[in-house]
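Each of the two chains sits in its own frame; use the hints to bring them together as a complex.
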Amino acid sequence: MAKEDEILQSLTKQFSALEGKIRIQRSRRMWARVEPADFASVLDYMRNKLGFVILCTITGLDEGENLGVLYHLAREDGIMLNVEVYVPKANPVVQTVTPIFPGADMYEREIVDLLGIKVEGLAPGFRYPLTDDWPAGQYPLRKDWKLDPSPKTGQTEES
Amino acid sequence: MGNVFIPIGPQHPALKEPASFRILLEGEKIIEANVRLGYNHRGVEKACEERSFLQDMYLLERVCGICSHSHSTCFLQAVEEIAGLEVPPRAQYIRTLVAELERIHSHLLWLGVAGHEVGFDSLFMYTWRDREVVMDILALLTGNRVNYGINTIGGVRRDVTPDKYPVILKAIDTLEERTKYYIQIATEEMSFIKRLAGVGRLSKEDVESMCVVGPTGRASGVARDARRDDPYAAYGDLSFKVITDDHCDVYGRAVVRVLELMETYSMVRQLLKNMPEGPITVKAPRKIPAGEAVSRYEAPRGEDLHYVRANGTEKPERVKVRAPTLANVQAVKKMLENYYLADIPIVVAAIDPCFSCTDRTVAVSRLDRGSTELMDWEALRRYSIDWYARRGVRF
Numbered sequence: 001m002a003k004e005d006e007i008l009q010s011l012t013k014q015f016s017a018l019e020g021k022i023r024i025q026r027s028r029r030m031w032a033r034v035e036p037a038d039f040a041s042v043l044d045y046m047r048n049k050l051g052f053v054i055l056c057t058i059t060g061l062d063e064g065e066n067l068g069v070l071y072h073l074a075r076e077d078g079i080m081l082n083v084e085v086y087v088p089k090a091n092p093v094v095q096t097v098t099p100i101f102p103g104a105d106m107y108e109r110e111i112v113d114l115l116g117i118k119v120e121g122l123a124p125g126f127r128y129p130l131t132d133d134w135p136a137g138q139y140p141l142r143k144d145w146k147l148d149p150s151p152k153t154g155q156t157e158e159s
Numbered sequence: 001m002g003n004v005f006i007p008i009g010p011q012h013p014a015l016k017e018p019a020s021f022r023i024l025l026e027g028e029k030i031i032e033a034n035v036r037l038g039y040n041h042r043g044v045e046k047a048c049e050e051r052s053f054l055q056d057m058y059l060l061e062r063v064c065g066i067c068s069h070s071h072s073t074c075f076l077q078a079v080e081e082i083a084g085l086e087v088p089p090r091a092q093y094i095r096t097l098v099a100e101l102e103r104i105h106s107h108l109l110w111l112g113v114a115g116h117e118v119g120f121d122s123l124f125m126y127t128w129r130d131r132e133v134v135m136d137i138l139a140l141l142t143g144n145r146v147n148y149g150i151n152t153i154g155g156v157r158r159d160v161t162p163d164k165y166p167v168i169l170k171a172i173d174t175l176e177e178r179t180k181y182y183i184q185i186a187t188e189e190m191s192f193i194k195r196l197a198g199v200g201r202l203s204k205e206d207v208e209s210m211c212v213v214g215p216t217g218r219a220s221g222v223a224r225d226a227r228r229d230d231p232y233a234a235y236g237d238l239s240f241k242v243i244t245d246d247h248c249d250v251y252g253r254a255v256v257r258v259l260e261l262m263e264t265y266s267m268v269r270q271l272l273k274n275m276p277e278g279p280i281t282v283k284a285p286r287k288i289p290a291g292e293a294v295s296r297y298e299a300p301r302g303e304d305l306h307y308v309r310a311n312g313t314e315k316p317e318r319v320k321v322r323a324p325t326l327a328n329v330q331a332v333k334k335m336l337e338n339y340y341l342a343d344i345p346i347v348v349a350a351i352d353p354c355f356s357c358t359d360r361t362v363a364v365s366r367l368d369r370g371s372t373e374l375m376d377w378e379a380l381r382r383y384s385i386d387w388y389a390r391r392g393v394r395f
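Top to bottom, those sequences are chains F and S.
Each residue of the first sequence is one higher than the one before, starting from 1 at the first, in our numbering.
Each residue of the second sequence is one higher than the one before, starting from 1 at the first, in our numbering.
The following block holds chain S by itself, in its conformation from the complex (with noise of 0.2 Å):
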């Protein structure tokens, strides 16, 4: 009898995203493992090219749920570049302070879903609660919970009013406590370190052969992060540690995300202190003169990098985005020969993949056309705490 291939995926083998997997099992053992990806793809970078440059950052934003702001400032970094414009300073700590919050929303997310492939529940359930503070903080500075919006060429739309500092300290200080209580769980509670020690192991070596990137790379001991080795933003005026664990595992890829978060705490109260005065954005020409750049950033999941070249129009003549994944999707494979089946759902998870913005898709969302009464975020939240008042679900 000759081989056979058990397929896994393309609907939901790990995340609620597609991907396909095709696995050459021996017994219960992972022999070799093949991926499919492209389940997404929509075709975003042509769409860019048929867009004005203030069109494509709101395209772009869309390219993920989750890093939708690493993906805009990636791509406006680009551009403003080309443009020879001067970000000033104050809307450089603003995008940074957004994009150090959106790590804390995207790391908390990613924990929950670790504890939820290896049947920890709570975790979940606690570190999903603990999201919603920052998800509000979010919300309070730029509107939106996702997909914020806060950018534009040359800056940011919107200021962070020093009213709001406190606000976001409070936040900050009770996210703290809590992951104080997340780096017990990891590195004490023995049913999660048992599930994910020695699992998806991936050596220094091939981390460096395959250009891994991210969290991935950074626990399987290669210090790499672009915001040390090439900073942008705010930055280079931040003291921060790049987070590093020689144990290149699953387990390695919880603690890295884990004890980055609390860089993170640091690294917003270093923004809010040190916040400087002064205008918010630049005024950006409509048509941006011909010219090439490349941008990277250190998106949660990894290095996100962008290519822009513009040829004198308001349009650009190409836009490409590598989302981290893409480069670490390789490596995946490695990870998973001779584990089990069984951990092909947390192996894969602790690369912390996202498949739309590897494959660059756009979420479309009906507006519903009847309605054009405008809620602000409290009436927003009595509303739903109304609506299930009546419903006998108190909060």
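Isolated chain F (complex conformation) (with noise of 0.2 Å):
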């Protein structure tokens, strides 16, 4: 695993405060938690000078207080390190990927409307995948929401 090492002693070196914060899980596969405000200078710094090109997609979480949001990045030669970030629930603000990565759209409308985390700088568009009569303020991938089992219109099961 001598790559990821590599990767590992790199960020390290570059961003002292992702010290104690990587870890290998196994070869080309790569872990990190990285504060919100570091977080755009890792990714560029992942992007440009380590070969991470590939945002394969965005993962949203609920993580009880806070909200995570992971960034599953590769390389050409398949390792990959998924970058952890947490916001607080009360505020859930993270910037938009889609200048480095455009094809990251999709994936940021979709932690939008699932998690109601906020995305700073996405262009205006189509949300994804709700419905657009979807009530505001429901997220369905949080762990309180449930859904209503009662039937609101059409035929209830004994007619």
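Errors might be hidden in some of the hints.
[Stated by the list, open to error] As a list, the in silico DSSO-like pairs of lysine-lysine whose alpha-carbon atoms are at most 27 Å apart:
(1) F/K143 x S/K46
(2) F/K89 x S/K46
(3) S/K204 x F/K143
[Stated by the list, open to error] Restraint-style ranges between C-beta atoms, simulated for each label pair:
(4) F/T12 x S/R145: 20 to 30 Å
(5) F/G51 x S/Q184: 39 to 49 Å
(6) S/T174 x F/T12: 25 to 35 Å
(7) S/I193 x F/N66: 48 to 58 Å
(8) F/P124 x S/R228: 35 to 45 Å
Think of the hints as simulated: they come from the structure by calculation, not from any bench.
Every residue, glycine too, gets a C-beta built ideally from N, C-alpha and C.
Structure representation (structure tokens):
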């Protein structure tokens, strides 16, 4: 896992705040926890200096007090570094990554719709994936969100 | 007069699946294209959190009707990594075998759809007839034409016994012969080439900046393939080429897929030749220890990615699915710009989109509660032949 170690060394050398925040899970799988304030510069360094040119997708997480955003970044040689950023649920704001990864548009809209994370700088466009008449403030992937099983319209089971 | 946007879809804009395109035209030329997805959203990720890992495997297999094995394998790889399960080599080979057979099924299906979209319906008839050859093999090995249900946590549920090898190899020979004919069509049939060449161009730079995946990216000269870059299952033992093409258009995407079929036939032969002996499954715990893992898998349409987080119970804390179409849909907007309105179906079809994967739907079929009779494959086949024979149709 020489390459993984090199990436770890390089990142901790460049960003002292990442000391102890990066772990190597196995060959080709790495994880890093980054503070929201440092995220933009870490991403830029990874993209332009370390060869993480592929953004596979973005995963949103509900961690109770915080909401998590996982950026799954990969290199051409298959090494993947999953960058975790946590923001408070009371004010969940992240910056868009679309200027660096234009393909991230849909991934960001998804965390907006399903977890209620605000993405600053995201260009206006259709929402994804919920319907246009979805009630405001309802975020289905939050843990406290439960599907209301009572039928509101149409036939009931008895009729 | 202001701009008028033409809505195309959501009913079947190209394939038999919903997506909505909002198109700004100048004459017949597309100036701007926007995509609205989500019509198939059914909340599968949320549903996964309320079911056990094993139930999730069956649910996720139904995310897509074509790359069903892709999704179940991709999910299980993540679960097995968290649980620290060592999947036996024979199970890895069987998973890879089904994966490659699924690729044949998917690519032949796509070729037929592409033929249909450009008014070349005899190609559609031929490829879909030939696709039945691989569907029969999948049914023979797994019991099902789609949603194979061969996987389980820690391995596979059914062995591929050596008496089936000659049947598979014979089918592969037939398919290889037919694919050579399709390669001839793709490279010599002028009406096909003229309709596809130069349509829906996507430059190598766009592929790289938008992180486009699968045959769509490889047709623009970007050699990315999870089977080689991040080897899983038995791919580390196989020798194969990552097919690329530099046409950067719909034609290139057709060429990449037919040539990939030839690589797949070679992989199936290698798998059967080197199939290791041994068990096909290891015992898996019901409760998966806390942890997280990301699994990548090269589905027929491109890289599939699953993220799983376990919390020590029998249900996952979070399951995230990213199907290849979601990674490619941004690029469709780019591919459509400056082309003609009439090119929309083939350009959209050329990424081989699967909106139900993207939106993570689940298809529910009604079971006939009255009938308890079980039919094996041969009986079902005989029944259908007789059914048609009674109505005067003979095969």
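Outcome of the hint check:
A distance of roughly 9 Å separates the Cα atoms of F/K143 and S/K46; the hinted pair therefore holds under the 27 Å criterion. For the suggested pair F/K89 and S/K46, the alpha carbons sit about 19 Å apart, so the restraint of at most 27 Å is met. Note on S/K204 and F/K143: the hinted pairing is violated, with a Cα-Cα distance of about 41 Å set against a maximum of 27 Å. In this structure the supplied range 20 to 30 Å is violated for F/T12 paired with S/R145, their Cβ-Cβ distance being about 52 Å.
For the hinted restraint 39 to 49 Å between F/G51 and S/Q184, the CB-CB distance of approximately 40 Å keeps it satisfied. Judged by the Cβ atoms, the range 25 to 35 Å given for S/T174 and F/T12 is violated: they are separated by roughly 56 Å. Judged by the Cβ atoms, the range 48 to 58 Å given for S/I193 and F/N66 holds: they are separated by roughly 55 Å. Taking the beta carbon of each, F/P124 and S/R228 are about 39 Å apart, inside 35 to 45 Å as hinted.
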